[in-house]
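There are 4 protein chains.
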Amino acid sequence: METSFVQTLKAAVTQEWDAIKRGNFWKLVLNHTVTPELYRDLMIEIYHYTKHNSRNQAATAMVEAPDGLLKFAYHHAADELGHERMVIHDLESLKLWDSATLQRKPLPATEALIGYLYFVAFKYGAVARLGYSFWAEDVYEQIGDALGKIRSDLSLADRNMTFFVAHAKIDEKHIDQVNDCIERFAKTSEEQALVMQVARTTIFLTGQLLEQVAAQHAK
Amino acid sequence: METSFVQTLKAAVTQEWDAIKRGNFWKLVLNHTVTPELYRDLMIEIYHYTKHNSRNQAATAMVEAPDGLLKFAYHHAADELGHERMVIHDLESLKLWDSATLQRKPLPATEALIGYLYFVAFKYGAVARLGYSFWAEDVYEQIGDALGKIRSDLSLADRNMTFFVAHAKIDEKHIDQVNDCIERFAKTSEEQALVMQVARTTIFLTGQLLEQVAAQHAK
Amino acid sequence: METSFVQTLKAAVTQEWDAIKRGNFWKLVLNHTVTPELYRDLMIEIYHYTKHNSRNQAATAMVEAPDGLLKFAYHHAADELGHERMVIHDLESLKLWDSATLQRKPLPATEALIGYLYFVAFKYGAVARLGYSFWAEDVYEQIGDALGKIRSDLSLADRNMTFFVAHAKIDEKHIDQVNDCIERFAKTSEEQALVMQVARTTIFLTGQLLEQVAAQHAK
Amino acid sequence: METSFVQTLKAAVTQEWDAIKRGNFWKLVLNHTVTPELYRDLMIEIYHYTKHNSRNQAATAMVEAPDGLLKFAYHHAADELGHERMVIHDLESLKLWDSATLQRKPLPATEALIGYLYFVAFKYGAVARLGYSFWAEDVYEQIGDALGKIRSDLSLADRNMTFFVAHAKIDEKHIDQVNDCIERFAKTSEEQALVMQVARTTIFLTGQLLEQVAAQHAK
Chain A
1 METSFVQTLK AAVTQEWDAI KRGNFWKLVL NHTVTPELYR DLMIEIYHYT
51 KHNSRNQAAT AMVEAPDGLL KFAYHHAADE LGHERMVIHD LESLKLWDSA
101 TLQRKPLPAT EALIGYLYFV AFKYGAVARL GYSFWAEDVY EQIGDALGKI
151 RSDLSLADRN MTFFVAHAKI DEKHIDQVND CIERFAKTSE EQALVMQVAR
201 TTIFLTGQLL EQVAAQHAK
Chain B
1 METSFVQTLK AAVTQEWDAI KRGNFWKLVL NHTVTPELYR DLMIEIYHYT
51 KHNSRNQAAT AMVEAPDGLL KFAYHHAADE LGHERMVIHD LESLKLWDSA
101 TLQRKPLPAT EALIGYLYFV AFKYGAVARL GYSFWAEDVY EQIGDALGKI
151 RSDLSLADRN MTFFVAHAKI DEKHIDQVND CIERFAKTSE EQALVMQVAR
201 TTIFLTGQLL EQVAAQHAK
Chain C
1 METSFVQTLK AAVTQEWDAI KRGNFWKLVL NHTVTPELYR DLMIEIYHYT
51 KHNSRNQAAT AMVEAPDGLL KFAYHHAADE LGHERMVIHD LESLKLWDSA
101 TLQRKPLPAT EALIGYLYFV AFKYGAVARL GYSFWAEDVY EQIGDALGKI
151 RSDLSLADRN MTFFVAHAKI DEKHIDQVND CIERFAKTSE EQALVMQVAR
201 TTIFLTGQLL EQVAAQHAK
Chain D
1 METSFVQTLK AAVTQEWDAI KRGNFWKLVL NHTVTPELYR DLMIEIYHYT
51 KHNSRNQAAT AMVEAPDGLL KFAYHHAADE LGHERMVIHD LESLKLWDSA
101 TLQRKPLPAT EALIGYLYFV AFKYGAVARL GYSFWAEDVY EQIGDALGKI
151 RSDLSLADRN MTFFVAHAKI DEKHIDQVND CIERFAKTSE EQALVMQVAR
201 TTIFLTGQLL EQVAAQHAK
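Chains as they are written, first to last, in the working numbering: chain A, 1 to 219; chain B, 1 to 219; chain C, 1 to 219; chain D, 1 to 219.
The hints are simulated quantities; they were obtained by calculation from the structure and are not laboratory data. C-beta: ideal position from N, C-alpha, C; glycine also. Warning: the hint list may mix true and false statements.
Below are the EDC-like pairs computed for lysine to aspartate or glutamate, each with C-alpha atoms no more than 16 Å apart in a straight line [to be verified]:
| id | chain 1 | residue 1 | chain 2 | residue 2 |
| --- | --- | --- | --- | --- |
| 1 | B | Lys-123 | D | Glu-64 |
| 2 | C | Lys-51 | D | Glu-64 |
| 3 | D | Lys-95 | D | Asp-41 |
| 4 | B | Lys-27 | B | Glu-211 |
| 5 | D | Lys-51 | C | Asp-67 |
| 6 | A | Lys-21 | A | Glu-191 |
| 7 | C | Lys-71 | D | Asp-79 |
| 8 | B | Lys-71 | A | Asp-79 |
| 9 | D | Lys-10 | D | Glu-183 |
| 10 | A | Lys-105 | D | Glu-190 |
| 11 | D | Lys-71 | C | Asp-98 |
| 12 | D | Lys-51 | C | Glu-64 |
| 13 | A | Lys-51 | B | Glu-64 |
| 14 | B | Lys-10 | B | Asp-180 |
| 15 | D | Lys-105 | A | Glu-190 |
| 16 | A | Lys-123 | C | Glu-64 |
| 17 | B | Lys-71 | A | Asp-138 |
| 18 | A | Lys-71 | B | Asp-79 |
| 19 | B | Lys-51 | A | Glu-64 |
| 20 | B | Lys-71 | A | Glu-80 |
| 21 | A | Lys-123 | A | Glu-64 |
| 22 | A | Lys-71 | B | Glu-80 |
| 23 | D | Lys-71 | C | Glu-80 |
| 24 | C | Lys-123 | A | Glu-64 |
| 25 | C | Lys-51 | D | Asp-67 |
| 26 | D | Lys-123 | B | Glu-64 |
| 27 | A | Lys-169 | A | Glu-80 |
| 28 | D | Lys-105 | A | Glu-191 |
| 29 | C | Lys-71 | D | Glu-80 |
| 30 | B | Lys-105 | C | Glu-80 |
| 31 | A | Lys-51 | B | Asp-79 |
| 32 | B | Lys-105 | C | Glu-191 |
| 33 | A | Lys-105 | D | Glu-191 |
| 34 | C | Lys-105 | B | Glu-190 |
| 35 | C | Lys-71 | D | Glu-84 |
| 36 | A | Lys-169 | A | Asp-138 |
| 37 | C | Lys-105 | B | Glu-191 |
Derived, one-sided and incomplete: chain A residues facing chain D with beta-carbon distance under 7 Å [said to hold, decoys possible]:
| id | residue |
| --- | --- |
| 38 | Arg-104 |
| 39 | Pro-108 |
| 40 | Ala-112 |
Let the hints inform the model, and build the full structure from the sequences given.
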């Protein structure tokens, strides 16, 4: 039986996640009691890139793409607009947010992720960016155990985790649309190579984001 | 009584339209029988820029802007996606469309309008682009007499003019939103100067588009 | 004998210049005494776009292009850096410059030219921009009579016209390089169509710049 | 005595290099015999990003910057144009180059570095990119020991290492210019923060490039 491109992509993503799970962030979260400061520092990086995810999704319109794909990109961008405010809400609900924190520059991996995704938008366009959406929308499958440990160690309720709760719900709907878009719009081997390249590059940067957060809390 | 920025903008736009109406396109349409070829050549230029209007609207997300304005830009971009196909439909309904026509490059004024609006998107952003939406959404008020003459000379039914009919309807809703966005998001004198600059530049280019179409049919 | 692309391009440019010379700016300059204010208003628009010409030349590096062409673009960009200061110098030498003048926004045609050339840089790249260099470097052949009339009416010495004097000299060298680059790098019909499109669009906008300056001084 | 920004930057860069030297690439090179394949795989990644370094340097002209800085950027870009061909030359001199190798996509860290630098060019401009030049021009101080080990293990002559030999020479001149530009053009705390952010992000990505090359040859 032939392997579809989506299956190949899925396998590559799983392999990258396996590597991330052998890293220091995962060890820190699973083998030690998670501190409020670790959670805060993680959420701040999430805040930084989330602020740009809607924008760099819509900005893919800089590059010629089929209408059906742009329609998805616009709606998806609209769905994610302002989600970084949930991060602030969640940190405030735990008294972990302050204005000094807000001023901190993103860590290098976060900065690279933000910049790279704008590059993807204006240079590669909407088909290529599907490589990011593909795994980002499906992230809860991978981070469930770490997130559960954080929740339990910090006794977090749903109202302290609105960012993750809301996204888990939204993403359920999105993931099918992303798969569908990949099947419809990433047909040539060149397009598929680009989707794969963006998937691998963004998951690598996200893994490094976690490592850099962990390095701030090295035991 | 103080004059609001929207009123100042409206006055500037009206002045530009008055100049356009003293031009050759208006004379050609109002003082001579409109030929199918003139209508076709006009619609082809409209086809060219319409193909990009949704895209350069969404691409404004390249530049930092308030969420409320981006939300408008995304939805507006989604509303206008694929509208160039109405132009094809209308020309086909009149047997005025052929593939050679499709291959023609845009006229210089159309090309400049398309390129300038991408520049506005990636360099100035969503606030500045409101200067284009402001008058483009309200265009039917200005072009009513010329459009009526074309319709009458060519005995066009609504089904031959779906592009204009659909837009007149959509734009009724949009114009209030555009005015509202200008009032909410173009507050500093710098922002207002940018909105004005984009309004004047795009209406100038559109006027030239009409002149260049007219020049192809000079009597 | 076959007509080369450069010859075709040259013919198109000449045709555009002929149209410009039938316009109001040419009439105003050749049939009336040129006022200092007309010269100043012309030079201010030249100031505006000149400020960006070096930049949008180098910025073509955003798009993949052969090294030989980029090398030309970089050196050419370096040669033109800061030339807008010559305009200030020239106006100051005639006591025609003041800070209020400096604050004026470019006229619509100038603004469109500036924006379009950044779009060309960012989206089409260095080959396409040769269409602008092609005629802009060779402009003195076309504007000689108008420039001579301005010089004579205002009794300008070389030291009041450093911008034009310097450019005439630099451009002599550049024009051969531009022709050479077009022959080497604009080989496919697609590339040549793009060069032609940029040539026609930028000369159209420049013609309109002249018309809009003239309109401010209509007799 | 006050610490200058260049000293602060230098200290940050040294700290990042120290971290890289504790990584797997350094261990692999210094503690094991370097294989031709490791050298080839390193050089291929260098090939990929070098191909873009001239371009994303010139493309900084997209963003307003002082003429003195753009002049540096243009000349620097011209100096580095085509240097990726030295990599091909070096690998060919060792019979390590083949066309299949050429087709390989950059590793994720290399891809992120390339994309991020175009983002820096397009969005932040020439001042910010000095953060990359600052440490990249001075890299030989840091990589001397690893490079010496590679040279010795593979018995490389200067003619097999033209890329590194040429760069070491060019960069001697450049580093003073870069320091000078930082002192002249990165004066506000905002500008300096941007230079620092770009320095840290690009050195992080380069470190990861080395790690990913090492991972392909894990012992």
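Each hint, compared with the structure:
1. B:Lys-123 <-> D:Glu-64: Distance of about 11 Å is within 16 Å: holds.
2. C:Lys-51 <-> D:Glu-64: Answer holds: Lys-51 of chain C to Glu-64 of chain D is near 10 Å, not above 16 Å.
3. D:Lys-95 <-> D:Asp-41: At roughly 13 Å apart (the allowed maximum being 16 Å), Asp-41 of chain D and Lys-95 of chain D satisfy the hint.
4. B:Lys-27 <-> B:Glu-211: 10 Å, holds
5. D:Lys-51 <-> C:Asp-67: 10 Å, holds
6. A:Lys-21 <-> A:Glu-191: Outside the cut-off at roughly 29 Å; violated.
7. C:Lys-71 <-> D:Asp-79: Satisfied, since the Cα-Cα distance of roughly 9 Å is no more than 16 Å.
8. B:Lys-71 <-> A:Asp-79: Within the cut-off at roughly 9 Å; holds.
9. D:Lys-10 <-> D:Glu-183: 13 Å, holds
10. A:Lys-105 <-> D:Glu-190: 11 Å, holds
11. D:Lys-71 <-> C:Asp-98: 27 Å, violated
12. D:Lys-51 <-> C:Glu-64: 10 Å, holds
13. A:Lys-51 <-> B:Glu-64: Roughly 10 Å separates the two Cα atoms, so the pair holds.
14. B:Lys-10 <-> B:Asp-180: 14 Å, holds
15. D:Lys-105 <-> A:Glu-190: 11 Å, holds
16. A:Lys-123 <-> C:Glu-64: Judged against 16 Å, a Cα distance of about 11 Å means the pair holds.
17. B:Lys-71 <-> A:Asp-138: 25 Å, violated
18. A:Lys-71 <-> B:Asp-79: Distance of about 9 Å is within 16 Å: holds.
19. B:Lys-51 <-> A:Glu-64: 10 Å, holds
20. B:Lys-71 <-> A:Glu-80: Between Lys-71 of chain B and Glu-80 of chain A the Cα gap is close to 10 Å, so the pair holds against 16 Å.
21. A:Lys-123 <-> A:Glu-64: 10 Å, holds
22. A:Lys-71 <-> B:Glu-80: Satisfied, since the Cα-Cα distance of roughly 10 Å is no more than 16 Å.
23. D:Lys-71 <-> C:Glu-80: 10 Å, holds
24. C:Lys-123 <-> A:Glu-64: 11 Å, holds
25. C:Lys-51 <-> D:Asp-67: 10 Å, holds
26. D:Lys-123 <-> B:Glu-64: Holds: Lys-123 of chain D and Glu-64 of chain B sit about 11 Å apart, inside 16 Å.
27. A:Lys-169 <-> A:Glu-80: 12 Å, holds
28. D:Lys-105 <-> A:Glu-191: Cα-Cα ~13 Å, so holds.
29. C:Lys-71 <-> D:Glu-80: Since the Cα atoms of Lys-71 of chain C and Glu-80 of chain D sit roughly 10 Å apart, the hinted pair holds (cutoff 16 Å).
30. B:Lys-105 <-> C:Glu-80: With Cα atoms ~31 Å apart, Lys-105 of chain B and Glu-80 of chain C exceed 16 Å; violated.
31. A:Lys-51 <-> B:Asp-79: 24 Å, violated
32. B:Lys-105 <-> C:Glu-191: Holds, at about 13 Å.
33. A:Lys-105 <-> D:Glu-191: 13 Å, holds
34. C:Lys-105 <-> B:Glu-190: Roughly 11 Å separates the two Cα atoms, so the pair holds.
35. C:Lys-71 <-> D:Glu-84: 15 Å, holds
36. A:Lys-169 <-> A:Asp-138: Holds, at roughly 11 Å.
37. C:Lys-105 <-> B:Glu-191: 13 Å, holds
38. Arg-104: 11 Å, violated
39. Pro-108: 4 Å, holds
40. Ala-112: Holds. Min distance 5 Å.
Checked against the numbered hints listed earlier, the structure breaks hints 6, 11, 17, 30, 31, 38; every other hint is satisfied.
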